[in-house]
Amino acid sequence: MVDSKEWEELLARHRDQPAALIQVLHRAQEMHGYLPREVLKEISAALNVPLSKVYGVVSFYSFFTTSPKGRHQISLCKGTACYVRGTNQLLDQLERELGLKPGETTADGEFSLSVVRCLGACGLGPVMMIDDDVYARVVPERLAQILDNYRLAGRQAKGA
Amino acid sequence: MSSVNLTIDGKPVQAEADATILETARRAGIKIPTLCYLEELNVIGACRLCLVRVEGARALQPACVARVAEGMVVRTNTPDVLQARRLNLELILSNHPRECLTCPRNNNCELQQLAADFGLEEIRFEGEITPYPVDDSSPALVRDPRKCVLCRRCVAVCEQVQGVSAISVQERGFNTIVAPAFLDPLGSVACVNCGQCALVCPTAAIHEKDQTAAVWAALADPQKHVVVQTAPAVRVSIGEMFGLKPGEVVTGKLVAALRHLGFDRVFDTDFSADLTIMEEGSELLSRLKEGGRLPLITSCSPGWIKFIEHFYPALLSNLSTCKSPQQMFGALAKTYYAQKAGIDPADIFVVSIMPCTAKKFEAGRPEMNSSGYQDVDVVLTTRELGKMLKQAGVDFDSLSEEEYDDPLGISTGAGVIFGATGGVMEAALRTAYELVTGETLEPVDFTAVRGMAGVKEAAVNLNGTELKLAVAHGLGNARKVLDAVSSGEKTFHFIEIMCCPGGCIGGGGQPIPTNTEIRAKRIAGIYRADREMPRRKSHENPAVQALYKEFLEQPLGYKSHELLHTHYEPRGQF
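From first to last, the protein sequence lines stand for chains A and B. Counting along the first sequence from 1, when you hit position 116 you're at 116 in the numbering used here, and nothing is skipped either side. Counting along the second sequence from 1, when you hit position 188 you're at 188 in the numbering used here, and nothing is skipped either side.
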């Protein structure tokens, strides 16, 4: 849940500071989990940056997202090395397994999928990250097991 | 500023040290092609069509952003330069729809012209065309992203000149699109419909919404009595559509051309401009006398009206309640004129010829139906009228001059100057001075409020009362005045604001190109037309006098309030 006092203070601190846009967007995404329309309007009004320009920045950087993210972020590397070693088969399998496309979030809010370019571990390709965990030389057959660990982790955390 | 010496194509030239190669070459009479460049507004070196060779430089340089230097040797037409530019143009064209024959900008397109100038005989690359759909949600403007070359000129004008920023650059790479935030439809955002974007668009990626078909249909309908009004600014610009010089006053030919198209009556918005002065002048005097809300701000310009509704709602009660001349005309055409001519207002079809795209929105505002019908049925821009005349085979320049019809075609010089920045102010002063002092004003010119300065301030003595005046054109300039008024930094009694730079002569519906030089020529034409009028003060307009006598009774009277005045609504800044 967003701490509304902290949010108000952030906006107040950067009132009429167009140059602070990117750092405020970063912070806003951390606090809200994503950047919904109303949040961008508040930022536009506070920083005195037209909404069309705010959205221009948000839609330019793939880091920013205007839709809610899942509890777990899957990043699949499609850099050259991973690509030639089978990222596409992994992607197909993930899409089937989770019923979503890159940029989307599963209906149960468990996973978001994004395709990235190079995680800097080309020798380990194809590489996949889930949250901060790195998976090397992933083959489609391992996916179900890997995903289950996160689902399980979620259930255990809830039960705890 | 120190100056430097350089040579361009072997020609020695001198330039200021911070000048660009492009500016310097242009001054020396050397043409370098450009596409994304828009003087002072959009200088971003994006399109790479202005590449030149600078001796000693590693790569070809974009002339629009590259600065001159002492001893620089520039070549603008070597084979490698021409080849590089041609390649870049081919790449720009690789994802451009080749629909020139059916494009609204056919024969008036910078991209098409460049292809012709470069002598392209083949486009070697065939790329994917952007999948974004046409956005025709706005009543005034249509965006066609397929035809967009991403030059960003529209974005620059919307932000820097108008201070609106309804559109900006969204997404990136191949998905890049010029659009409102969230790719929302233009008709749903804080766009003021001014059309300055359409004026600077090099292609047809943003253009006016064409409504000529509705006018052709009305003209062909024997049941309809079709009347037309022409805005002041159209008479000094429509000639440009037919190769005449910018600013040439072609009022008589315009009237003849409209009659030739089949309009039953050809009337003049200048008439209702005079009427506006009677109402707005009276409103000013009444607010001064009775301690009403000041400053009074003019309300003729529909782009400006939507702007204040979005961005300065706290000042809405400063706006004159007068409708614009276009809407006063519409309301009277279907009441006063209908009665006088004995025609059922249901059968009257009112067409406006306007220099303006925002007028299309204004005519559709739900409150603009005080005659019991939509007061103005269709608004055409100067450009659309030009197209209709071409379709009808009108040889414009060879037409004999004709006169406007009675009674809504009778006007004074005060009406015609509404077309230039400062004109409404000057027209109001001509009348207010005489009404207040009882003396004849001689000479009638108030030159302090004329000209292209973004904000003009003046003071005039009205029988011992010093009236403080301000005139702004371009909404960015309007912001400056409004901010100064809101903060209490400045005090005025009367402010004229026009949405577009130069006033209506620089409106978003005017012929393309419209630039600073052409604006100045059209303004000169407006004042020439004023000088040539036998009457130059609105209150001396005999048709307006008759209108009050026969119908309205008096300015700000009951009927005036019913038909000629309106109200505004805050719209929120998003």
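Because the hints were derived from the structure by calculation, they are not lab data. The beta-carbon is built from N, C-alpha and C at its ideal position, and this holds for glycine as well. One thing to keep in mind: the hints can contain errors.
[Said to hold, decoys possible] Which chain A residues face chain B? A few, computed with CB under 7 Å, are given here:
#1 LEU51
#2 LYS53
#3 ARG85
#4 GLN89
[Stated by the list, open to error] Simulated crosslink set (DMTMM-like; lysine to aspartate or glutamate; CA at most 25 Å straight-line):
#5 A:LYS41 with B:GLU553
#6 B:LYS480 with A:ASP132
#7 A:LYS41 with B:GLU128
#8 A:LYS5 with B:GLU553
#9 A:LYS69 with B:GLU309
#10 A:LYS5 with B:GLU128
#11 B:LYS490 with A:GLU42
#12 A:LYS69 with B:GLU171
#13 A:LYS41 with B:GLU562
#14 A:LYS78 with B:ASP184
#15 A:LYS101 with B:GLU553
#16 A:LYS41 with B:GLU171
#17 B:LYS340 with B:GLU159
Structure-based check of all given hints:
1. The beta carbon of A:LEU51 is positioned within 7 Å of a beta carbon in chain B (closest approach about 4 Å), and the interface hint is therefore held.
2. At its closest, the beta carbon of A:LYS53 sits 5 Å from a beta carbon of chain B; the interface hint therefore holds under the 7 Å criterion.
3. Look at A:ARG85: its Cβ only gets to about 25 Å from chain B, farther than 7 Å, so that hint breaks.
4. Taking 7 Å as the C-beta cut-off, the interface hint given for A:GLN89 is violated, the closest approach to chain B being about 25 Å.
5. Pair hint A:LYS41 plus B:GLU553 does not hold up; C-alpha atoms about 49 Å apart against a cutoff of 25 Å.
6. Proximity of B:LYS480 to A:ASP132 is assessed by CA-CA distance (about 51 Å); at most 25 Å being required, the pair is judged violated.
7. With a C-alpha separation of about 34 Å, the suggested pairing of A:LYS41 with B:GLU128 is violated against the 25 Å cut-off.
8. For the given pair, A:LYS5 sits about 61 Å from B:GLU553 by alpha-carbon distance, which is inconsistent with the 25 Å threshold.
9. About 37 Å separates the Cα atoms of A:LYS69 and B:GLU309, which puts this hinted pair outside 25 Å; it is violated.
10. A hinted pair counts as satisfied when its Cα atoms are at most 25 Å apart, and A:LYS5 with B:GLU128 does not qualify at roughly 48 Å.
11. Taken as a hint, the B:LYS490 and A:GLU42 pair is broken in the structure, with Cα atoms around 30 Å apart against an allowance of 25 Å.
12. Between the alpha carbons of A:LYS69 and B:GLU171 the distance comes to roughly 19 Å, so the proposed pair stays at or under 25 Å and holds.
13. For a cut-off of 25 Å, the pair hint linking A:LYS41 to B:GLU562 is broken: about 39 Å separates their Cα positions.
14. Restraint check for A:LYS78 and B:ASP184: the C-alpha separation of about 31 Å exceeds 25 Å, so the hint is violated.
15. Between A:LYS101 and B:GLU553, the direct Cα distance comes to roughly 70 Å. Violation of the 25 Å bound is thereby established for this hinted pair.
16. Restraint check for A:LYS41 and B:GLU171: the C-alpha separation of about 18 Å stays at or below 25 Å, so the hint holds.
17. Of the pairs offered as hints, the one joining B:LYS340 and B:GLU159 is violated, with about 47 Å between alpha carbons and a cut-off of 25 Å exceeded.
Violated hints, listed in ascending order, are 3, 4, 5, 6, 7, 8, 9, 10, 11, 13, 14, 15, 17; each of the other numbered hints is respected by the structure.
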